[in-house]
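My request is simple: use the sequences and hints to build the entire structure.
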Amino acid sequence: MVSAADPAQEPAPEAADASLPAVRTSVWLVRRPASRTRRSEGSPAGLDRERITAATVRLLDAEGLAKFSMRRLAAELDVTAMSLYWYVDTKDDLLELALDAVHGEITPPPEDAPWADRLRALASEYRALLVRHVWASSLAGSFLNIGPHSLRFTRAVQDVIRATGLRLHQQTGALSAVFQFVYGFGTIEGDLRRRSAAAGVSQDEYFRQAMTAYRSEPSLKQVVDVSQDLMDARGGDTVEEMRERDFTFALDLLIAGIEVMRDR
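My numbering puts the first residue of the sequence shown at 34, with every later residue one more than the last.
Calculated from the structure, these hints are not laboratory results.
Remember, predicted model here, so these are calculated numbers, not experimental data.
Just so you know, even glycine gets a beta-carbon here, dropped at the ideal spot from N, CA and C.
One thing to keep in mind: the hints can contain errors.
[To be verified] No farther apart than 20 Å at their CA atoms in a straight line, the calculated lysine to any residue pairs in the SDA-like style are these:
#1 124 to 180
#2 124 to 101
#3 124 to 63
[Unchecked claim] Quick list of simulated restraints, FRET-style, between CB atoms:
#4 157 to 206: 17 to 25 Å
#5 140 to 293: 23 to 31 Å
#6 202 to 81: 26 to 34 Å
#7 281 to 230: 45 to 53 Å
#8 293 to 255: 20 to 28 Å
#9 147 to 174: 14 to 22 Å
#10 171 to 109: 19 to 27 Å
#11 206 to 124: 34 to 42 Å
Take a look at the structure:
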């Protein structure tokens, strides 16, 4: 999502230093020669950017960002690694395409719905995306995020923030408060799911084992005991129930804060 601090919003320097390496911009800003964008004798039949992007997402979901490579992707598609370069110039191009593709899973809410309902819907869908695609968190700050799906999400978020009635100079702060919270919450949630799955246990069992380990360490036991009443008070019998209650309340708190600041 493009934020107020995104390089895409900053003015370009008047002159580039020829001694510095070229800064990568975006796969969406690169004009590829026509001979490289159409299938020819060197490119395998049935291969296109959409198929390559879909396979990239599948591999990232299954194996993670660290294991992803052009060679591994080529094996998944049963083509040569060199054939992929008919459609993209670098691995970063593929990662950027994959990140934009998963943003297409977010459906903007109806524009005539109350802004608070729209904000909850967008926040919940963004959280779900980060949990489904754990690798997306690591890539979110790596690219300009100006693909069609990312821009649709960005526009929906900006429309909702405008609809809050906040003054113009307050809107970017509200956007950051909500969506940086969601980013952090969804990233941690996705990571816990990944670690639990890697350990071959449920999230509840992983949590119980972690708490047992904390209590067995004398230097940590007191902290755990003191916070036990907080754990009990928030309710919920499972990790997911506790997490859902926390997310809902935190989001309600942010929305209430927006309303107070708007009316102040």
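Tested hints:
Between the alpha carbons of residue 124 and residue 180 the distance comes to roughly 16 Å, so the proposed pair stays at or under 20 Å and holds. For the suggested pair residue 124 and residue 101, the alpha carbons sit about 9 Å apart, so the restraint of at most 20 Å is met. For the suggested pair residue 124 and residue 63, the alpha carbons sit about 14 Å apart, so the restraint of at most 20 Å is met. Our hint of 17 to 25 Å for residue 157 and residue 206 holds, since their Cβ atoms are close to 21 Å apart.
About 30 Å separates the C-beta atoms of residue 140 and residue 293, a value consistent with the hinted range of 23 to 31 Å. Range check, residue 202 to residue 81: Cβ separation about 45 Å, and the 26 to 34 Å hint is violated. For the pair residue 281 and residue 230, the beta carbons lie near 25 Å from each other, so the given range of 45 to 53 Å is not met. At roughly 36 Å, the beta carbons of residue 293 and residue 255 sit outside the given window of 20 to 28 Å.
Checked against the hint of 14 to 22 Å, the pair residue 147 and residue 174 fails, with Cβ atoms roughly 31 Å apart. Take residue 171 and residue 109: their Cβ atoms lie about 20 Å apart, and the range 19 to 27 Å holds. Distance hint for residue 206 and residue 124: a CB-CB separation of about 35 Å, consistent with the stated range 34 to 42 Å.
Of the numbered hints given earlier, the model fails hints 6, 7, 8, 9; all others are met.
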